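Undergrad: Listed below, chain by chain, are the residues.
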Amino acid sequence: MELTNSLTLIVPELILSISGLILLLIAAWGGNEASRPVSIASCIALGGAFFLVAPSVCAGASGPDTIAFGGQFRADAFAGLAKLMIYVAAGAALVVAPAYFDRAKAMRPEFAILVLFAALGMSIMVSAADLLTLYIGLELNSLAAYVLAAYLRDDDKSAEAGLKYFVLGALASGILLFGMSLLYGFAGTTSFSGINLAMAGGLSGGLLFGMIFVLAGMAFKVSAVPFHMWTPDVYEGAPTPVTAFFASAPKVAAVALTGRLALEAFGSQADAWQQIVTFAALASIVVGALGAIGQENIKRLLAYSSINNVGFILVGLATASIAGTSAMMIYLAFYVAMTIGSFVALLMLKDEDGNYLETFGDIAGLSTTRPALAWCLLLLMFSLAGIPPLMGFYGKWMVFQAAVEADLLLLAVFGIAASVIGAFYYIKFIKVMFFDEPVDRVKGLSDWAHWALLVIATAVISPVAFLATNWLVNLTDMAAASLSFAG
Amino acid sequence: MTGFPILSIMLLVPFGCAMACFFLDAKTARVLALTATLIDLVLGILLWANFDIGGAQWQFTERADLFGGFEWALGIDGIALMLIMLSVFLMPICIGASWHSITKRVGEYMAAFLFMEVLMIGTFAAQDLYLFYIFFEAGLIPMYLIIGIWGGSDRIYASYKFFLYTLLGSVLMFIAMLWMVNEAGTSSIPALMQYDFPAEAQTWLWLAFFSSFAVKMPMWPVHTWLPAAHVQAPTAGSVILAGVLLKLGGYGFIRFSLPMFPEASAQFMWLIFILSMAAVVLTSLIALVQHDMKKLIAYSSVAHMAIVTVGLFSFNVQGLEGAMIVMLSHGLVSGALFLCVGVIYDRLHTREIDRYGGLSINMKYYALFFMLFTMASIGLPGTSGFVGEFLSLAGIYQVSSVVAFVCTIGIILGAAYMLYLYRRVAFGEQKNADAAAMPDLNLREWLMLGPIAAAVLWMGVYPESFLAPMRNDIAMLDARIARAARAGDAHLEIGEPAPVEVVEAHGEAH
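From first to last, the protein sequence lines stand for chains A and B.
Each residue of the first sequence is one higher than the last, beginning at -7 in the working numbering.
Each residue of the second sequence is one higher than the last, beginning at 3 in the working numbering.
Note that these hints are calculated values from the structure, not bench results.
It is possible that part of the hints are untrue.
In the SDA-like style, the derived pairs of lysine to any residue whose C-alpha atoms are separated by at most 25 Å in a straight line are [stated by the list, open to error]:
id : chain 1 : residue 1 : chain 2 : residue 2
1  : A       : 420       : B       : 155
2  : A       : 97        : A       : 440
3  : B       : 106       : A       : 430
4  : A       : 420       : B       : 29
5  : B       : 163       : A       : 429
6  : A       : 420       : B       : 24
7  : A       : 420       : B       : 174
8  : B       : 106       : A       : 169
9  : A       : 435       : B       : 24
10 : B       : 106       : A       : 352
11 : A       : 420       : B       : 159
12 : B       : 106       : A       : 353
13 : B       : 163       : A       : 409
14 : B       : 366       : B       : 441
15 : B       : 106       : A       : 364
16 : B       : 163       : A       : 352
17 : A       : 420       : B       : 162
18 : A       : 420       : B       : 226
19 : B       : 163       : A       : 342
20 : B       : 29        : A       : 364
21 : B       : 163       : A       : 406
22 : B       : 106       : A       : 354
23 : A       : 97        : A       : 436
24 : B       : 106       : A       : 429
25 : B       : 29        : A       : 342
26 : A       : 342       : B       : 410
27 : B       : 29        : A       : 427
28 : B       : 29        : A       : 367
29 : A       : 156       : A       : 169
30 : B       : 106       : A       : 361
31 : B       : 29        : A       : 366
Remember, it's a predicted structure, so these values are computed and weren't measured experimentally.
Take these sequences, add in the hints, and give me the full structure.
TA: Dropping the structure here:
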């Protein structure tokens, strides 16, 4: 009976893993010709998983009914909401990839399968309620991600990105594992609730060290300062569709996992980790903003921008409150839309031979030559800068509102003041596109799928989306409430 | 929601037309933009005509719970009504000013202006703190584009400066807003205007709001973005910047800082006075040595705005009414002056004062209008400028005769630089042949300057039309802040004669 219940709860993950395995076989026999059907099938699998998860999110699933495998796995609304974002982001990466890789004659079916397995790993991550599940999900995602970063293996930059990501990622996993072993040693259990119970009795040195190491490992995965150094290099080197994927889905998974860890496993000692998260948040905002200023390469700039955004997301976590967690999820939702939108737009910047352009020099005066693309990018950039009435502002608003309610006034003041530094390079983006003399290098045409993704992403962050905020806030509130707060 | 949602419609009309302008060719976009602004002008007149003077404080209220965290709540009092009228009155003129001078990307230009109109009306009509902030701050986007795309040679520096200065000021205000809503439990502006925040918190909140409004106003010494932005913006951009956007700061003070934080306002009164006195004298002196007409008018704007701030913080009815009238008057007059510069800039493509001279000979109607607006800027009786400055100074004299004295010096300096400007442009000999060959005003320019001239005279001769809708609101505000007002140095009250009996009793005791 218990097994049946558990299996019902993990149906989305089952779909992903079974379809991944079947597609692997098809790819092995079908060869490169199978890449398109495999991509489509992967999209369908992700879509299927999406629609299976959606009802539990809308219903705000929580409580004992969501626990599977004796507390190893939780399919609550919080995990569900993160999964929805992950599946959407993974699907978007699959949609934009073929056009990019076809050019390099590198479109092979394993790309879609790797994304599928990465999505599965992330799905397990966000549902993890035990250190073991956490590690399995994390590594399943990371292994797929290392390969994806080095996917264009003939390309030096891509190979370098893959190697860097692998070495540093392995280091982070090591740190994480070390922390986990300490936690297990001092708490005597690997389950989040058990650790929480052990911590409630007092924070011994071993538990404290374990917690810090685990959080450091997670900070690496979300690329929060001071564990952010790999991000710009990997983002720049990896093929652009892969970068789009890295910047969206794994961020959601890692942030959601960090949130669950911090609140469910370490919730009884929130004071101890709040200062760590506060520092990481402020440092990420500042470093992300300052680092981006000098960048000429747009991918690198977006990498720093993602560090900057993670800082704002962590402000929500630093509050250690339901409102803060809810705000974090709202921010993530709009962050995913902004990231996908800006990377899709980046993929649409091609010269007449179809070569991809990625520096500021190439997009000078884009607004006169390609007005629709430029206006979409303008909205995305103002949204990233957090200027109302775009939805990036709404995310920042919710996060800072939670911070003010939790009496973290200094964090809020410094965080928002530092966001002005960030605005500087976002408006530089707009200055280049709108104020500079046109160079007219962007000539290549893009297919309808790119346009559709760009328009959807822009619509999501446009002021129209204010009308959906009531509904969204309700969803994220339920999701945040479904975490078992121990504080 | 009561009755016809006229405010929402005033927002929707330009918004819809702005979206359409993106897809239209230049000619249609111009006509559409003009139509939209004229419709809004008509709606604005209806608004004024139906405004019940002496009725409820908030009229035309609309409320819809559409969003998570804030409400679509609109409504106006007399102060907001007057500022909305100013916006809808200037907008068609701005479109007219750009009719021929803007030739590239006309559709986008018109869209940016219509968005500006939406945001300005929204800012004045918002009754929810967050809704106000969204409208207030969103104005950065179109203004950044207007300066950056259609501006002059140094436009990029100016647009950055404008954007980052105003953004930094505003985000601090936003944190203060979050705190206020958390403390008071409501984001409704009318409710917050009645809420008494603890005095020590007021200090911080006031400073946060000040950081935003002082930049928008702009007050000395954070005014440096204004000359840069004005000089580089196209004519219509300058008109809207000087005419309406600068009023957002004053509106913020009168709507938020004063009624919500009266104690802190009294505490920081002298900060405002010192900055304003510095602005009046220093920027007037700077204006005196300018060679660029737009820069000169921009500096004069800073000086006029300083008169507004001293009036606002004089804590009495005269000062507040005077500040409002200076704002309205300055909106019209400086807008008109920028248009006057635009008229000759369109002909000669330079703003150098020395390139002109003797225009009263070949452009006599132009010289007449320019004269009228110059006099209004100086504050000659019979023009709108006089009424506002007189009331403001009367208000401030009750508080501090020193401040009144310094501000009066500023006004004399104002007369000096404006008359000097006028002499160099309109009088003297026609030393430049190309300037001497310029034709006089055409019909379009008549239609732009004529209505403003009429409004300036109306406000100067019969200011009651403009004061009446605001009277109740200002009286209410005065009552609200009276508890924090300080006694001024100019109240020379006749003392009671010393009671004789007491002296005698005193003497007897010896």
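Undergrad: Take the hints in turn and mark each one as holding or not.
TA: Hint by hint, here is what the structure shows:
1. With a C-alpha separation of about 17 Å, the suggested pair residue 420 of chain A and residue 155 of chain B falls inside the 25 Å cut-off, and the hint holds.
2. For the hint linking residue 97 of chain A to residue 440 of chain A, the alpha-carbon distance of about 21 Å falls within 25 Å, and the restraint holds.
3. The suggested pairing of residue 106 of chain B with residue 430 of chain A holds, with an alpha-carbon distance near 13 Å, which does not exceed 25 Å.
4. Under the criterion of a C-alpha separation no larger than 25 Å, the hint pairing residue 420 of chain A with residue 29 of chain B is inconsistent with the structure, at around 31 Å.
5. Our distance criterion of 25 Å between C-alpha atoms is met by residue 163 of chain B and residue 429 of chain A, whose separation comes to about 20 Å.
6. Simply put, residue 420 of chain A and residue 24 of chain B have alpha-carbon atoms about 23 Å apart, close enough for the 25 Å limit, and the pair holds.
7. At most 25 Å may separate the alpha-carbon atoms for a hinted pair to count; residue 420 of chain A and residue 174 of chain B meet this at roughly 22 Å.
8. For the proposed pair residue 106 of chain B and residue 169 of chain A, the alpha carbon gap of about 61 Å is over 25 Å, so the pair is violated.
9. Taking the CA atoms of residue 435 of chain A and residue 24 of chain B, the gap is about 21 Å. The hint holds against a cut of 25 Å.
10. This hinted pair checks out: residue 106 of chain B and residue 352 of chain A have alpha carbons roughly 23 Å apart, not beyond 25 Å.
11. The hinted pair formed by residue 420 of chain A and residue 159 of chain B meets the criterion: a straight-line CA distance of about 11 Å does not exceed 25 Å.
12. Between residue 106 of chain B and residue 353 of chain A, the direct Cα distance comes to roughly 22 Å. Compliance with the 25 Å bound is thereby established for this hinted pair.
13. Proposed proximity of residue 163 of chain B and residue 409 of chain A is supported: the alpha carbons are some 16 Å apart, at most 25 Å.
14. Straight-line distance between C-alpha atoms of residue 366 of chain B and residue 441 of chain B comes to about 10 Å, which keeps the hinted pair within the 25 Å bound.
15. For a cut-off of 25 Å, the pair hint linking residue 106 of chain B to residue 364 of chain A stands: about 17 Å separates their Cα positions.
16. Taking the CA atoms of residue 163 of chain B and residue 352 of chain A, the gap is about 21 Å. The hint holds against a cut of 25 Å.
17. Simply put, residue 420 of chain A and residue 162 of chain B have alpha-carbon atoms about 9 Å apart, close enough for the 25 Å limit, and the pair holds.
18. Only pairs whose Cα atoms come within 25 Å are accepted, and residue 420 of chain A paired with residue 226 of chain B is accepted, the gap being roughly 21 Å.
19. Between the alpha carbons of residue 163 of chain B and residue 342 of chain A the distance comes to roughly 32 Å, so the proposed pair goes past 25 Å and is violated.
20. Proposed proximity of residue 29 of chain B and residue 364 of chain A is supported: the alpha carbons are some 21 Å apart, at most 25 Å.
21. At most 25 Å may separate the alpha-carbon atoms for a hinted pair to count; residue 163 of chain B and residue 406 of chain A meet this at roughly 21 Å.
22. Between residue 106 of chain B and residue 354 of chain A the CA atoms are separated by roughly 22 Å; this keeps the pair inside 25 Å, and the hint holds.
23. The suggested pairing of residue 97 of chain A with residue 436 of chain A holds, with an alpha-carbon distance near 18 Å, which does not exceed 25 Å.
24. Distance restraint check for residue 106 of chain B and residue 429 of chain A: the Cα-Cα separation of roughly 13 Å lies within the 25 Å cut-off, and the hinted pair is therefore satisfied.
25. The hinted pair formed by residue 29 of chain B and residue 342 of chain A fails the criterion: a straight-line CA distance of about 33 Å is larger than 25 Å.
26. Note on residue 342 of chain A and residue 410 of chain B: the hinted pairing is violated, with a Cα-Cα distance of about 62 Å set against a maximum of 25 Å.
27. Between residue 29 of chain B and residue 427 of chain A the alpha-carbon distance is near 23 Å, which keeps this suggested pair within the 25 Å criterion.
28. With a CA separation close to 22 Å, the supplied pair residue 29 of chain B and residue 367 of chain A stays within the 25 Å bound.
29. With a C-alpha separation of about 20 Å, the suggested pairing of residue 156 of chain A with residue 169 of chain A holds against the 25 Å cut-off.
30. The hinted pair formed by residue 106 of chain B and residue 361 of chain A meets the criterion: a straight-line CA distance of about 13 Å does not exceed 25 Å.
31. For the proposed pair residue 29 of chain B and residue 366 of chain A, the alpha carbon gap of about 23 Å is at most 25 Å, so the pair holds.
Violated hints, listed in ascending order, are 4, 8, 19, 25 and 26; each of the other numbered hints is respected by the structure.
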